[in-house]
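Chemist: Here's the letter readout for the chains.
2 protein chains.
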Amino acid sequence: MDAGLINPFIQSTVNVLSTMAQTSPTVGQAAIKKGHKTWGCVTGIIGMAGKEVTGNLVVSFDEGSILGIVSKMLMEEFKEINKDVVDAVGEITNMISGGTKKLLSEKGFSFDMATPVILVGKDIEMTQLSKSPVLCVPFKTDRGQFVLEANLAKRA
Amino acid sequence: MDAGLINPFIQSTVNVLSTMAQTSPTVGQAAIKKGHKTWGCVTGIIGMAGKEVTGNLVVSFDEGSILGIVSKMLMEEFKEINKDVVDAVGEITNMISGGTKKLLSEKGFSFDMATPVILVGKDIEMTQLSKSPVLCVPFKTDRGQFVLEANLAKRA
Numbered sequence: 002m003d004a005g006l007i008n009p010f011i012q013s014t015v016n017v018l019s020t021m022a023q024t025s026p027t028v029g030q031a032a033i034k035k036g037h038k039t040w041g042c043v044t045g046i047i048g049m050a051g052k053e054v055t056g057n058l059v060v061s062f063d064e065g066s067i068l069g070i071v072s073k074m075l076m077e078e079f080k081e082i083n084k085d086v087v088d089a090v091g092e093i094t095n096m097i098s099g100g101t102k103k104l105l106s107e108k109g110f111s112f113d114m115a116t117p118v119i120l121v122g123k124d125i126e127m128t129q130l131s132k133s134p135v136l137c138v139p140f141k142t143d144r145g146q147f148v149l150e151a152n153l154a155k156r157a
Numbered sequence: 002m003d004a005g006l007i008n009p010f011i012q013s014t015v016n017v018l019s020t021m022a023q024t025s026p027t028v029g030q031a032a033i034k035k036g037h038k039t040w041g042c043v044t045g046i047i048g049m050a051g052k053e054v055t056g057n058l059v060v061s062f063d064e065g066s067i068l069g070i071v072s073k074m075l076m077e078e079f080k081e082i083n084k085d086v087v088d089a090v091g092e093i094t095n096m097i098s099g100g101t102k103k104l105l106s107e108k109g110f111s112f113d114m115a116t117p118v119i120l121v122g123k124d125i126e127m128t129q130l131s132k133s134p135v136l137c138v139p140f141k142t143d144r145g146q147f148v149l150e151a152n153l154a155k156r157a
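Going down the list, the sequences are from chains A and B. For the first sequence, my numbering gives the first residue as 2, with consecutive numbering after it. For the second sequence, my numbering gives the first residue as 2, with consecutive numbering after it.
Do not rely on the hints blindly, as some may be mistaken.
Which copy? The list can't say, so a pair holds if one copy fits it or any two copies do.
Straight-line Cα separation of at most 25 angstroms, BS3-like style, residue types lysine-lysine; simulated pairs [to be verified]:
1) Lys103 with Lys123
2) Lys52 with Lys84
3) Lys84 with Lys132
4) Lys123 with Lys34
5) Lys73 with Lys34
6) Lys155 with Lys73
7) Lys52 with Lys102
8) Lys35 with Lys103
9) Lys38 with Lys123
10) Lys34 with Lys84
11) Lys108 with Lys73
12) Lys155 with Lys84
13) Lys123 with Lys52
14) Lys108 with Lys80
15) Lys155 with Lys132
16) Lys141 with Lys84
17) Lys141 with Lys108
18) Lys123 with Lys155
19) Lys108 with Lys35
No lab work stands behind these hints, which were simulated from the structure alone. Predicted model, so just to flag it, every value in this text is computed and none were measured.
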């Protein structure tokens, strides 16, 4: 997608984590995604669909980052990726997408969000059927890392 | 989702396969999905998002069924799940969703489609963050089987 569109995704990610999980992640450099594997060990995916644009938002967490985030979010210490953590990844994906939707609507991009899908497992082979490149942004928390992947493009 | 909504998904699946791949699948009995694993070895997912409804359509193929379908679709014999087959799964998912969108719009359900995501691999742990059950329908072709999973629900 157009690199100029990535900032609302980043801003929304930072907003959601600071509001919901008292976590201020460090934001790394955006780059075009290479290869076709999921980045972390638990991955949220949500479709974005409007009359003129289409895409997906993907957030993939390593174990340390997501256990830290969900433990703060639910005010209970989680030590493994169980059903509550999986559901929380879906909620986080939904909230990041919702915040991005609001920010992008101010730039004239209008879309609705599909239902979040959560994958558990490392190195899952995942491809998006899009001619537009997927942008990825790494984030660091005090307990680990996660990667945001965004692809939003005009319909062919 | 409401069981009454499944027929447009089934009808669209049969239409797409007969038109694009000269394949007339046998349709099995719809049921509520149990568990959280992908059914086949290659799986297309597409988000559906409207003002009032949200969901995902998932189509998961075993190796025999998808190699048979794509070989007919692209008029070339495919013997393994390579990039062309993965892209074709994305296209098929897109077309089934597009046909369903048209049929459901006649019933007053309006949504746009996100960008297809394709997963390669067996037994991938996959959950949808939805309070609405996922309906699944098995199909049989002359070379294998596949399963359609549909979840379309009113927004909470």
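Chemist: For every hint, state whether the structure bears it out.
Modeler: For each hint, the structure was consulted:
1. Lys103 with Lys123: So Lys103 and Lys123 fail the 25 angstroms test inside a copy (31 angstroms) and across (37 angstroms) alike.
2. Lys52 with Lys84: Neither, since 34 angstroms and 28 angstroms both go past 25 angstroms.
3. Lys84 with Lys132: between (34 angstroms within a copy, 14 angstroms between copies)
4. Lys123 with Lys34: Both ways: Lys123 and Lys34 sit 17 angstroms apart in one copy and 24 angstroms across, limit 25 angstroms.
5. Lys73 with Lys34: The answer is neither: 29 angstroms in one copy and 32 angstroms across copies each exceed 25 angstroms.
6. Lys155 with Lys73: neither (37 angstroms within a copy, 30 angstroms between copies)
7. Lys52 with Lys102: Intra 14 angstroms, inter 13 angstroms, cutoff 25 angstroms: intra and inter.
8. Lys35 with Lys103: neither (28 angstroms within a copy, 35 angstroms between copies)
9. Lys38 with Lys123: both (8 angstroms within a copy, 15 angstroms between copies)
10. Lys34 with Lys84: between (29 angstroms within a copy, 17 angstroms between copies)
11. Lys108 with Lys73: Neither way: Lys108 and Lys73 sit 33 angstroms apart in one copy and 44 angstroms across, limit 25 angstroms.
12. Lys155 with Lys84: between (35 angstroms within a copy, 23 angstroms between copies)
13. Lys123 with Lys52: neither (34 angstroms within a copy, 34 angstroms between copies)
14. Lys108 with Lys80: neither (40 angstroms within a copy, 46 angstroms between copies)
15. Lys155 with Lys132: Answer is within: at 10 angstroms inside a copy they meet the 25 angstroms cutoff, but 31 angstroms across does not.
16. Lys141 with Lys84: This pair counts as within: shortest intra-copy Cα distance 24 angstroms, inter-copy 32 angstroms.
17. Lys141 with Lys108: Neither: 28 angstroms inside a chain and 46 angstroms across chains, both beyond 25 angstroms.
18. Lys123 with Lys155: Result: close neither inside a copy nor across copies, 31 angstroms intra and 32 angstroms inter.
19. Lys108 with Lys35: Close neither inside one copy (28 angstroms) nor across copies (41 angstroms); limit 25 angstroms.
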